[in-house]
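Respectively, the protein sequence lines represent chains V and W. With my numbering applied, the first sequence corresponds to residues 1 to 339, in that order. With my numbering applied, the second sequence corresponds to residues 1 to 456, in that order.
Errors might be hidden in some of the hints.
[What the hints assert, rightly or not] Within a straight-line C-alpha distance of at most 25 Å, the following computed BS3-like cross-link-like pairs (lysine-lysine) qualify: (1) V:K314 <-> V:K244; (2) V:K314 <-> W:K218; (3) V:K108 <-> V:K217; (4) V:K244 <-> W:K452; (5) W:K208 <-> V:K314; (6) W:K452 <-> V:K241; (7) V:K141 <-> V:K108; (8) V:K241 <-> V:K147; (9) W:K452 <-> V:K110.
Rather than coming from a laboratory, the hints here were simulated on the basis of the structure.
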Amino acid sequence: MENFEFINAIVLLSNFVIVPALSYGSQLALATLSLTIIYGVLRFSNFAQADWMSFGTMATILFTWLFQSIGITAGILPTALLALPFAIIVTALFCLLIDRSVYSFYRKQKSQPIVLMIVSVGVMFILQAVVRFIIGPNDRKFFDGEKYIVHALDFKNYFGLEEGLTIKSTQLITVIVALIAMISLFYFLQKTKLGKSMRAYSNNEDLALLSGINPEKIVIVTWIISSILITTAGVLYGLDKSFKPFTYFNLLLPMFAAAIVGGIGSPIGAVIGGYVIAFSEITLTYAYKKFFVYLLPENLEPLGLMQVLSTDYKFAISFIILVIVLIVRPTGIVRGKII
Amino acid sequence: MSEDLRAPVAFTVMAVLLAIVGFTQSWSVSLSVINLCIISSIMAIGVNLQWGYGGLFNAGVMGFTALGGLTAVLVSHDPIYEAWDKAGVGIVISAIIFVLSITALLFVFRNIENKQIRNTLIILIIVFGLIGINNFYGPSIDIIESINPAKTGFLGGLGLPIIFSWLIAAVVAGLVAWVIGKITLRLRSDYLAIATLGISEIVIAVVKHEDWLSRGVKNVSGLDRPVPYEIELQQSEWFLNLVERINFSKLEAMQSLSSRQDLLNDLVINSSGIFVKLCYAGLFFSVLLLIFYLSQLALNSPWGRMLRAIRDNEEAASAMGKNIFAQHLQIFIIGSAIIGIAGAMLTTLDGQFTPGSYRPLRFTFIIWLMVIIGGSGNNLGSIFGGFFIWFIWIEAEPLSIGFMNMLAGGLEYDNPLRMHLLGSAAHLRLFIMGLLLLLALRFMPRGVIPEKIQKK
Chain V
1 MENFEFINAI VLLSNFVIVP ALSYGSQLAL ATLSLTIIYG VLRFSNFAQA
51 DWMSFGTMAT ILFTWLFQSI GITAGILPTA LLALPFAIIV TALFCLLIDR
101 SVYSFYRKQK SQPIVLMIVS VGVMFILQAV VRFIIGPNDR KFFDGEKYIV
151 HALDFKNYFG LEEGLTIKST QLITVIVALI AMISLFYFLQ KTKLGKSMRA
201 YSNNEDLALL SGINPEKIVI VTWIISSILI TTAGVLYGLD KSFKPFTYFN
251 LLLPMFAAAI VGGIGSPIGA VIGGYVIAFS EITLTYAYKK FFVYLLPENL
301 EPLGLMQVLS TDYKFAISFI ILVIVLIVRP TGIVRGKII
Chain W
1 MSEDLRAPVA FTVMAVLLAI VGFTQSWSVS LSVINLCIIS SIMAIGVNLQ
51 WGYGGLFNAG VMGFTALGGL TAVLVSHDPI YEAWDKAGVG IVISAIIFVL
101 SITALLFVFR NIENKQIRNT LIILIIVFGL IGINNFYGPS IDIIESINPA
151 KTGFLGGLGL PIIFSWLIAA VVAGLVAWVI GKITLRLRSD YLAIATLGIS
201 EIVIAVVKHE DWLSRGVKNV SGLDRPVPYE IELQQSEWFL NLVERINFSK
251 LEAMQSLSSR QDLLNDLVIN SSGIFVKLCY AGLFFSVLLL IFYLSQLALN
301 SPWGRMLRAI RDNEEAASAM GKNIFAQHLQ IFIIGSAIIG IAGAMLTTLD
351 GQFTPGSYRP LRFTFIIWLM VIIGGSGNNL GSIFGGFFIW FIWIEAEPLS
401 IGFMNMLAGG LEYDNPLRMH LLGSAAHLRL FIMGLLLLLA LRFMPRGVIP
451 EKIQKK
């Protein structure tokens, strides 16, 4: 078995670091994209965005239950994927309702971004109340269908290795759905007329208005895109782990960190930031002891756990990175600002 | 209503509300609400200095509150000598390595121009710093945490009276604010919000997980008090006499001696609780008055005028030669120090430090509501906001349950809809808070007691 040491180490790393980070990163990237789109077009940091994520996921869960109760399922795929489009419609409608009744007033007044940010705190409270009122504050799992694509045991037996690799179907679904969503978003922003006018509006509002772009239309499209992205991100996260309003609220912090690390206002930056945050959270808290045991000769084996930070700080890592980026390169990795 | 009348009317309404609680529920409840109201007001003044005077959005109120609480523990708890003997050296050495590495990092960052050398040095310092710290830190904390883990398992504190911690909390919170301000205040306003939100999470993560420092989620309870204990009062002569004298007529009305004694016992137990709360209220109120007085002085001084000038027009103030960054840093430190004091007071009142209870909603966003609804830029407004919002936050629950009962009135007892409605009543208060904030921003953006515009 000695010759397989290296392969064992790689499989170990993929199983515990690369695969989970890739799927968490994709979820985070989608969520950050929605935050960035709002920031770029409507020009404020939306503190309610994580609770929109809860709301969208809640809507998906309700539709999933409805479908399951009348016997519609997606076979080996989770039913939630069928429910997703309906949930997006509900979320987008509710977004637009909140925009009409709350945000549009401040837009007309040309309020400062910070005022809109405080307004979004109010919306955050209301959304939290609505979600907890409808579905309750508890943990909910809504995954159904085939759970694994590759199972650790099968993998071990098949390849005759000591380490197994598990790939959950939700992880593959996450990566595929996220890729589709990102590609279509970038296509929309770069190639379609509406997308171009959105970028123009974000770049220079006055010039965009002069060239006949209808601002209300832009605002509506922005909320719709944001709802699509945030609901999808929330559902993917919930399928992978589980849905709990408080956990979702806590995702606000990594989302902001990813947005700033990538370069706030830049969609490419949002995607990069999402993956950077996800990979650092997992790579910095993983204990590499076993990994090095495979790689190094016996007399050099490490004594400690070889862990940079304890898993207790998983949550704080995004901020440590955020702080470092703020000091070293405040504009973020991709020099952001406009979408 | 004229703006001059608003403050007296607002405070009268508040007093009536608290009196209603006193008469309908009990004075003990009313006093507990008042104590927390006073602490909230102090936090609100701290935030108001930053936002109302300086225009800085600090979303890290929770972090400074927790720092205050931690200081209260570290000042008042008795030192655990055994832990210091066995592992104190290791902790001190790792602290020294930590400080040295940070200093070295700063030095390299500032003084070495060549990018390649700089980056290599930075990486080297981080790697060796981490190795050095891990060498001493890990074993030491294992020893500390293994010493009597059920009761202590941490280094303990200084063993000073807890009231000192209020002052020290200001210093600690101020120092941390200085570091945070240095990093974030040069950036745009919403970056500050996000960065402070994140840093406060880091602070909470540290107090939650560094058991050797704060016992983490095992909590520290039984902190000493600046006021007498109920049980001592119940046994002291003068207190018994006092209660007897106050309730003289009630006691006289009793027929038999034994029923008179029973009544007296009840009265003594009740009054001792109220007396303790009154003592706290007195202490807290003096702190509030002092902070209010000092902030008013500051607001009306040339310094306060300069701050408002910066807030209203940064470019103009900068053109007049004011150092915007330095002023922002000052006000950020002062505001955070005040929040730190309030945090220490809160832990003193609770008598325990529970890191798990720090949630951003309760300790950051509610404080923001107080400032905005009370009237940003006006300290009196913040005090009112502190009282009013805390009162609503506490009383929203019984009110929501009442409201839900009314909604579900026609339904049968075990109807699932009725059960759901009653079960979710607690979440209604989030809704009330959000609605209050949105309504205030829309229809009363300057708050209940607005900032006075001085014309001269």
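Okay, the hints, checked on the actual structure:
For the hint linking V:K314 to V:K244, the alpha-carbon distance of about 18 Å falls within 25 Å, and the restraint holds. Taking the CA atoms of V:K314 and W:K218, the gap is about 20 Å. The hint holds against a cut of 25 Å. Under the criterion of a C-alpha separation no larger than 25 Å, the hint pairing V:K108 with V:K217 is consistent with the structure, at around 15 Å. For the given pair, V:K244 sits about 45 Å from W:K452 by alpha-carbon distance, which is inconsistent with the 25 Å threshold.
In summary, the hint linking W:K208 to V:K314 is supported, as the alpha carbons are separated by about 13 Å, within the 25 Å threshold. A threshold of 25 Å between alpha carbons decides the hint, and for W:K452 with V:K241 the separation of about 52 Å lies outside it, so the pair is violated. Proposed proximity of V:K141 and V:K108 is contradicted: the alpha carbons are some 42 Å apart, above 25 Å. With a C-alpha separation of about 12 Å, the suggested pair V:K241 and V:K147 falls inside the 25 Å cut-off, and the hint holds.
Taking the CA atoms of W:K452 and V:K110, the gap is near 24 Å; set against the 25 Å cutoff, the hint holds.
Checked against the numbered hints listed earlier, the structure breaks hints 4, 6 and 7; every other hint is satisfied.
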